[in-house]
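Undergrad: So the chains spell out like this:
Number of protein chains: 2
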Amino acid sequence: MPRFFLDISYKGTNYHGWQIQPNALTVQEVLQDGMSKILKNKVEVVGSGRTDTGVHAVQQPVHFDFDLEMSKEDILHKLNGVLPQDIAANSIREVKPEVHARFDATERAYQYFINQSKSPFYENQSYQYTFDVDVQLMNEAAQNLLGEHDFESFSKVKTEVNTFLCTISKAVWFATDKQLIFEVRANRFLRGMVRALVGTLLDVGRGKLTAQDFVNIIEAKDRSKAGRAVPPHGLFLTEVHYPEDIYL
Amino acid sequence: MPRFFLDISYKGTNYHGWQIQPNALTVQEVLQDGMSKILKNKVEVVGSGRTDTGVHAVQQPVHFDFDLEMSKEDILHKLNGVLPQDIAANSIREVKPEVHARFDATERAYQYFINQSKSPFYENQSYQYTFDVDVQLMNEAAQNLLGEHDFESFSKVKTEVNTFLCTISKAVWFATDKQLIFEVRANRFLRGMVRALVGTLLDVGRGKLTAQDFVNIIEAKDRSKAGRAVPPHGLFLTEVHYPEDIYL
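For the protein sequence lines, the chains are A and B, in the order given.
Read in order, the letters of the first sequence correspond to residues 8 to 255 in the working numbering.
Read in order, the letters of the second sequence correspond to residues 8 to 255 in the working numbering.
If we strip away everything but chain A, and leave its shape as in the complex, we get (with noise of 0.2 Å):
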């Protein structure tokens, strides 16, 4: 059977994460309810990745394998119409029949926003932190992220995985107008990893710690080492990155 990728974008608020689960609404769930409606049979998604309760996608891509008597276009204009507002679909392409959204994927992206002052506009898609911040030192503190590194001070403690080592190839802090905005890239990310990397960069940028404590916490594979994780709801799943190759 022809497998497809799905981009989506979704606004975490109202979901207990990507991945189904009993008793609580998932963007998953909700995907998998549209498409089996609109294609008129069960249909199975697979994500590139999972993101928590609270967390939102711009690019969220999901694998799924059906022969297609729609056009892409049609299943987008049928898919939007059946999900809700906050779930968003994007594009549909026609990858190798053994490509796997969460194996295949080569980089992902996430933003994290923060609003330094009360702001009505970024309700549950920014984090309002009003502390002043030093973001030179944040940035010279987050290069020390760059390259493969154990992170397991920045994992959530039950998690299950056989390593801690990602490769994380672009950590930075940027502003505009209204917000500070930290991008990070990497090959994988560990649970709750992307929230732990900001809490305690801030707290860098605070003068609470200094780049040669934060360079320490890496090194000590501790979670207790590192800062509090910030709250879900100014993360971002951004791009999800794929070899050429894997599209037909």
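Hint data in this document are derived by calculation from the structure and do not stem from the laboratory.
Nothing here was measured: the structure is a model prediction, and the numbers come from that model.
Worth double-checking, as some hints may not be accurate.
Each pair may be met inside one copy or between any two copies, as identical chains are not told apart.
Listed next, the in silico DSSO-like pairs over lysine-lysine satisfying Cα-Cα at most 27 Å (straight line) [said to hold, decoys possible]:
id : residue 1 : residue 2
1  : Lys125    : Lys185
2  : Lys232    : Lys103
3  : Lys125    : Lys44
4  : Lys177    : Lys85
5  : Lys85     : Lys185
6  : Lys177    : Lys47
7  : Lys79     : Lys185
8  : Lys165    : Lys44
9  : Lys125    : Lys163
10 : Lys125    : Lys79
11 : Lys47     : Lys125
12 : Lys47     : Lys232
13 : Lys165    : Lys228
14 : Lys177    : Lys79
15 : Lys49     : Lys125
16 : Lys185    : Lys232
17 : Lys125    : Lys165
18 : Lys125    : Lys85
19 : Lys49     : Lys228
20 : Lys49     : Lys103
21 : Lys49     : Lys232
22 : Lys228    : Lys47
23 : Lys165    : Lys185
Go by the hints and put chain B onto chain A.
TA: Chain B alone, transformed into the frame defined by chain A:
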């Protein structure tokens, strides 16, 4: 009594516009209640102008008279504490006692936001309009708005004004990554004017009207000749300007 300008922002979704009215919640009422609470005296605020139900403001200046005993920073902090999340107090500055937030404004700027595909992220803050439009054609037509004209064709019919003359100093469409934005600046605006302009310019962008039709509509001074008003939720009052010598 000293007079102050207070700049506020608000998301208009939950309000029946700016101006106080019986039996409906308005931004002015909520702001006055909040200020009266923290200043422990009844305070009246006068805005730079009205905004309609559902319209937002990035910068709405208001004036009020009071013998301040707290610092401006304290007032902003306390005011933001009592105001709901969808109204933010941004700055306070003392002005000469005779300065008026509405009558002394020299320029007002609005932006209208359009998303051309479904998005989870702009709830009530952008108009989803999925037809293809030619932005260059819309910009060519918009240039005819510049200067002083009678804009009765773009004014709500039931309105009490002495004149429909407005001087428009900027009228331009531009695109960001995700949105199409119309920015317009003028010394004054008529009721419903920006939304009627945007609706009519979109008709130009879709090819339903030519640039010459647009000129004819301006000259007709007849609301029935112009296009439909676009919905209020894409509209933001973004800036209000005053002469520099109003401040103390």
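Undergrad: Now, for every hint given, state plainly whether the structure supports it.
TA: Hint-by-hint comparison with the structure:
1. Lys125 to Lys185: both (10 Å within a copy, 24 Å between copies)
2. Lys232 to Lys103: neither (44 Å within a copy, 54 Å between copies)
3. Lys125 to Lys44: between (41 Å within a copy, 19 Å between copies)
4. Lys177 to Lys85: Intra 37 Å, inter 39 Å, cutoff 27 Å: neither.
5. Lys85 to Lys185: between (36 Å within a copy, 22 Å between copies)
6. Lys177 to Lys47: neither (42 Å within a copy, 51 Å between copies)
7. Lys79 to Lys185: between (37 Å within a copy, 21 Å between copies)
8. Lys165 to Lys44: neither (36 Å within a copy, 47 Å between copies)
9. Lys125 to Lys163: This pair counts as neither: shortest intra-copy Cα distance 30 Å, inter-copy 34 Å.
10. Lys125 to Lys79: For Lys125 and Lys79, only the inter-copy Cα distance (16 Å) is at most 27 Å; the intra-copy one is 42 Å.
11. Lys47 to Lys125: Classified as between: cross-chain Cα gap 23 Å, same-chain 46 Å, threshold 27 Å.
12. Lys47 to Lys232: neither (51 Å within a copy, 46 Å between copies)
13. Lys165 to Lys228: Answer is within; shortest intra-copy Cα gap is 14 Å, inter-copy 69 Å.
14. Lys177 to Lys79: This pair counts as neither: shortest intra-copy Cα distance 34 Å, inter-copy 41 Å.
15. Lys49 to Lys125: Between copies only: 25 Å across chains, 45 Å inside a chain, cut-off 27 Å.
16. Lys185 to Lys232: Answer is neither: 31 Å inside a copy and 39 Å across each miss the 27 Å cutoff.
17. Lys125 to Lys165: neither (34 Å within a copy, 37 Å between copies)
18. Lys125 to Lys85: Cα proximity of Lys125 and Lys85: across copies only (12 Å, versus 38 Å in one copy).
19. Lys49 to Lys228: neither (43 Å within a copy, 58 Å between copies)
20. Lys49 to Lys103: within (21 Å within a copy, 70 Å between copies)
21. Lys49 to Lys232: neither (46 Å within a copy, 51 Å between copies)
22. Lys228 to Lys47: Answer is neither: 49 Å inside a copy and 53 Å across each miss the 27 Å cutoff.
23. Lys165 to Lys185: neither (36 Å within a copy, 38 Å between copies)
Checked against the numbered hints given earlier, the structure breaks hints 2, 4, 6, 8, 9, 12, 14, 16, 17, 19, 21, 22 and 23 and satisfies all the rest.
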